[in-house]
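*Asks:* Chains as they are written, first to last, in our numbering: chain A, -14 to 371; chain B, -14 to 371; chain C, -14 to 371; chain D, -14 to 371.
Among the hints, a few may not be true.
Treat identical chains as interchangeable: a pair holds within one or across any two.
Stated by the list, open to error - In silico lysine-lysine, DSS-like type, Cα no more than 30 Å apart, as pairs:
id: 1; residue 1: K82; residue 2: K(-9)
id: 2; residue 1: K336; residue 2: K42
id: 3; residue 1: K229; residue 2: K325
id: 4; residue 1: K191; residue 2: K215
id: 5; residue 1: K82; residue 2: K184
id: 6; residue 1: K(-11); residue 2: K50
id: 7; residue 1: K50; residue 2: K215
No lab work stands behind these hints, which were simulated from the structure alone.
Number of protein chains: 4
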Amino acid sequence: MNQKRKIAVVVTARPSYSRVKTVLSAIQQHPDLDLQLVVAASALLDRYGSAINYIEKDGFAIAAKVFNVLEGENLTAAAKTTGIGILELSTVFDNLKPDIVVTVADRFETMATAIAASYMNIPLAHIQGGEVTGNIDEKVRHAITKLADYHFVASENAKERVIKLGEEPNVVFNTGCPSIDLATTVLQSTSLPFDPYEKYGGVGAKPDLSEGYLVVMQHPVTTEYQDSRKHIEATLEAIHSLKKPTLWFWPNVDAGADGTSTGIRAFREQHQLPNVHFFKNMEGKDFLQLLQHSSCLIGNSSVGIRECAFLGIPVVNIGSRQNRRDRGGNSIDVDYSQEKIEAAILFAITKGKSLSSPIYGNGNAGVYIADLLLQLPLQFHKTITY
Amino acid sequence: MNQKRKIAVVVTARPSYSRVKTVLSAIQQHPDLDLQLVVAASALLDRYGSAINYIEKDGFAIAAKVFNVLEGENLTAAAKTTGIGILELSTVFDNLKPDIVVTVADRFETMATAIAASYMNIPLAHIQGGEVTGNIDEKVRHAITKLADYHFVASENAKERVIKLGEEPNVVFNTGCPSIDLATTVLQSTSLPFDPYEKYGGVGAKPDLSEGYLVVMQHPVTTEYQDSRKHIEATLEAIHSLKKPTLWFWPNVDAGADGTSTGIRAFREQHQLPNVHFFKNMEGKDFLQLLQHSSCLIGNSSVGIRECAFLGIPVVNIGSRQNRRDRGGNSIDVDYSQEKIEAAILFAITKGKSLSSPIYGNGNAGVYIADLLLQLPLQFHKTITY
Amino acid sequence: MNQKRKIAVVVTARPSYSRVKTVLSAIQQHPDLDLQLVVAASALLDRYGSAINYIEKDGFAIAAKVFNVLEGENLTAAAKTTGIGILELSTVFDNLKPDIVVTVADRFETMATAIAASYMNIPLAHIQGGEVTGNIDEKVRHAITKLADYHFVASENAKERVIKLGEEPNVVFNTGCPSIDLATTVLQSTSLPFDPYEKYGGVGAKPDLSEGYLVVMQHPVTTEYQDSRKHIEATLEAIHSLKKPTLWFWPNVDAGADGTSTGIRAFREQHQLPNVHFFKNMEGKDFLQLLQHSSCLIGNSSVGIRECAFLGIPVVNIGSRQNRRDRGGNSIDVDYSQEKIEAAILFAITKGKSLSSPIYGNGNAGVYIADLLLQLPLQFHKTITY
Amino acid sequence: MNQKRKIAVVVTARPSYSRVKTVLSAIQQHPDLDLQLVVAASALLDRYGSAINYIEKDGFAIAAKVFNVLEGENLTAAAKTTGIGILELSTVFDNLKPDIVVTVADRFETMATAIAASYMNIPLAHIQGGEVTGNIDEKVRHAITKLADYHFVASENAKERVIKLGEEPNVVFNTGCPSIDLATTVLQSTSLPFDPYEKYGGVGAKPDLSEGYLVVMQHPVTTEYQDSRKHIEATLEAIHSLKKPTLWFWPNVDAGADGTSTGIRAFREQHQLPNVHFFKNMEGKDFLQLLQHSSCLIGNSSVGIRECAFLGIPVVNIGSRQNRRDRGGNSIDVDYSQEKIEAAILFAITKGKSLSSPIYGNGNAGVYIADLLLQLPLQFHKTITY
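With the rest of the complex left out, here is chain A (with noise of 0.2 Å):
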């Protein structure tokens, strides 16, 4: 009797998420493929979004959760979150004994699903890696990759990285990123097909969309942690200042994210900003329709560089967070100033979409990572090739 192969999926955080749900859709409905979510980390929390509560909603079926986020103001936090996620972790592989662990991307905690699968000579799956931002992220994602055995890659220029970071070629793959699989499912919508207000609630203004409208989703910057506040207020001015319909997203869980949360809070307090509303997170799918309506995304957010490349949409992109991403032309890289910020956002309006770009994938990413998954040797085994 042929059994089938158990695949371990840890998700930490509402981002990777989306990011990887065509992957487990494919994993889930694979016949040879069994599999084992693990929602850990942030996922679990409702001051990120609750991931869970999607995850369930969209009906995969949780082997097991871990609560490992550790509170604090400072870098100190997201040391111990790691740490905590690995003793955590190891005994859900311990018990779970799968055949392959996927990790996604490089949140500081993703390590922490790395370490266990590889200490523990587990067949480690890295989504993303061979990428280029600049700050810890970067630190993260390359020490993953030398823990990985398998590699699935965005771009050609990430499958070169990675190759020339001593792994066998044989074993990176350029898959596309499966956030654009999902987005595929949006390109020919010609308009908003919910009330985002009524859908997914928030607080604050509520312009009127009709006209067109902005959306922001600024994270913290690991590395500038001190200066996040400072960061979010450039941008509240900036937003404040041009009185465009805006639709904002709260910040991730990071060591700063309560530098940029209380920013936030802090403007909300003294300005009355009474054409934004705030939401605290929405589905992939909803958030790609409200990208794909709208005339500018604005902040640090990976998606501006992948999902908005894909579909075209303008990205006004902050600070040093997406660094050395590789770029479709969809997008205008700023300081954190305000005079910048709201020049680049009226140069984008007036600008408007951008053709298509294929440089992170066109489509195909979860099935083709599913495949992979099924066919490729067991192995935790390596040596570097130089």
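Given chain A, put chains B, C and D in place with the hints provided.
*Replies:* Structure of chains B, C and D alone, referenced to chain A:
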């Protein structure tokens, strides 16, 4: 007023302590550096030779002790030990506030030092990156390279490899291996200056050493966890059959440590081993003296590859643990086979000493590294070079 | 030469700090005691009022900080926070080597202090054992009594109860509650000596306080975790309906803290609350001044039972949190019911101040406890008395 | 449809498993109960007799394994082991969602079970509370009583004591000790039904057992940590001097375990001990057979106090470990003195078997406890009775 740079060095095992002892001395003696020595993991435990006792005897002040070895007969315990290490070391660094953290080599738990420091934006120096061995140590070693900001490597090949891994050449230094510093002190020794039985106790027979003797040091190999008992038995059979005076050192803690230890214990119960004496451990310098006057070192210790290359001592290197590490002319590689081990030992004795090889340094690594720790600009922000 | 006794006090929350501040001062000022102040858990976090800032401002040197609050919306996080606390505090005690460890009251995470100290054979003193409340705090409180070697209780009833629990009478002392020490300083105050809006910021309306005002402080009740939002809404509705000037304090961290906080936030978004100002926290002494000049304290804080009994301030005590704690004549108990809360507040205002009750001490607890910490024989070996 | 009650039992050591084996069987066989067996701590480790192997052999399904023993030669490790246990067990309970958690006796790490369950509002049953011994175990035991909701005690004295501790009489049951259940099966045995050397291996001499033999089982005493080596040497000298056939069992893990083990190992290296055979452990029932046919049990095991009272076997009980536990007429107490131990052994042999004492139960504890676990109302909210 000029403040001293605070250098936290984390020592997690007896052999690591021996390796970096001259670095610790050089930091301690440097007028502009302040040594913060953290002793953790098996370095604190009797079962693994209590490095802590030697550290204290050598006069180093200990800034913090961290007990983090989780017991267990499987790889899960190695992962958990690392997780606990991160939890604890982040508190230690938070209190000590070092300017630079130094991590040594590639044992699994050294990852805890690397993650705690890099996540907390403390510049991280790595001693002995860039080497190639082909087991889990290699994943750990290269991952730490990707987290580290400065690289103090032990050979030209290692330097080249770290640079290929995408590190800026101006932060990669071939300092030589500090273990060689110590070896310089015994190079001219003409006879064993102490009685090992008297000075170090130990158990078993007390063979006469005046006509030459063998030294055995064989550690379990993590990726071959299940086989560690079988592996040690091949060596035990060979030594038992040769009937030569032999001094045997117990292995380090590792996922398979108990397999190896159990194998030795069981063999001792069944056989007389009238020519073998067992030691738990020995001060680094005394151990080098012992090697200097031995006929041959047998096992898989990196001492055979490094110090013995410098000293020209014949080495029978068993199995995969030192795979692909640079070799001097003193070393013979064999499989886990009683026959091959016996033949190699006999040949090695006949062949005798080799010329000293400078492949792992020329004896000034400690001073060189201390100097770099003072001169290097403090930085923790890096990006891959390609 | 006579060495000072080292007394480690672990403070894990803002209210605990307020409670034992005079003990800390008395230890610090004692020529034969050496204070080792450990600040941990929510006492370090902005969300819970950053006790650490007050501690530093009050001039206490901090021997160690321990971040151990695990985020989560369920009781699992409380258990995990305690587990991490043990891990970390045992390292802290191992390094500080205190002669006595002092733990305060009965918050869930204080169990970590009690276990680390008692397991390490360090004599453990417990402040405020022997009280009765009927929730999870009570399990914790009495369990800590069984781990502790000295008991500094706050009332005669508590003393009797600790002795009934099988403790030797000669290690049980009714020192009074140290929080009363602080209250003595405001007993004669005739007007509020500072402007709370100016000194403490906060958010919301700024009602005129000159004609009297209400103070609200209501924490979630752990065993009624699911209901914490409903509970807080009853109070919010009552305050909203009464339209009196009100100063409201955010709750502590607890398993249900987010339910309470979320309830308050949601209510603020829906209603104007034109008579309510919200504070995160306040220095202990200023808070007592605020109570001294208030019409009534509403909620379930132990301040209503203790300090307000001493000061004679009317208190509307809601729900089960203070169940079975000894009461002075100043307190009215009500259910979680808008109507009952409103009626009780109106009655309390009419009734006005009560006579001062000595039930929780007479103001010299800090000095008394410091003296005991010096005089008591060091011991950690005990047996039940029956 | 009626759902089965889920009963999680956490077993953390070999002797605990032996003690509650009949409880596990009774739960497993009960049509309305669902056994969730969690195996943790030293019960998983070879060094401490691998209870896990017996558990699996006995056919119990294991719901989760938790590795949480931290290595170390000091009491800090005991505290940390408990902290890690809480971290892990809370995740386990979160996933298993038991209706009741059962914790056994008073080993330090059982506190982890008690805290995780009680903090998570899961009703907690405690087997074997209310006893008195006078060491750290006693602090742990009574603290667990204050966290537990149901108490299944082993004697009338214990029942009375738990009620005095403020527990409601209607949740305190004298079920007898389940270890006695097992002892009933050997009561009629007339000769040893297996060859212990053949069945259990072990090391050392193989004395002839046909003319009677001694059994030794001596554990380190936590509060006398420093002295454990000296203590074991007194017993070793006595046994060495008596030269009677002796079967010796290695001690449990505890803070001082290594002192005891080291003492035994060192003694064996120095002396022949031609009449002593050493076992790591033995199945519970076989161990009882061994006792049933022995001349005398020597050491400080609670087996001497309980099972041997029921079986009437003479016991020489050494030191303080069983202080104040109820005794049958079979037991003689002595100090850690070679002379006294020798004399007591000689006297015990002469005296021979006592009458069976029902002091710790009459052999139906397992079934009684299983029945209570089904019938008791689920509750986790309690308050002290006075």
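*Asks:* The structure should be examined with respect to each hint, and the outcome stated for every one.
*Replies:* Hint check results:
| no. | hint | in the structure |
| --- | --- | --- |
| 1 | K82 / K(-9) | both (8 Å within a copy, 24 Å between copies) |
| 2 | K336 / K42 | neither (38 Å within a copy, 54 Å between copies) |
| 3 | K229 / K325 | within (16 Å within a copy, 47 Å between copies) |
| 4 | K191 / K215 | both (26 Å within a copy, 27 Å between copies) |
| 5 | K82 / K184 | neither (39 Å within a copy, 32 Å between copies) |
| 6 | K(-11) / K50 | both (23 Å within a copy, 24 Å between copies) |
| 7 | K50 / K215 | between (35 Å within a copy, 27 Å between copies) |
Violated hints, listed in ascending order, are 2 and 5; each of the other numbered hints is respected by the structure.
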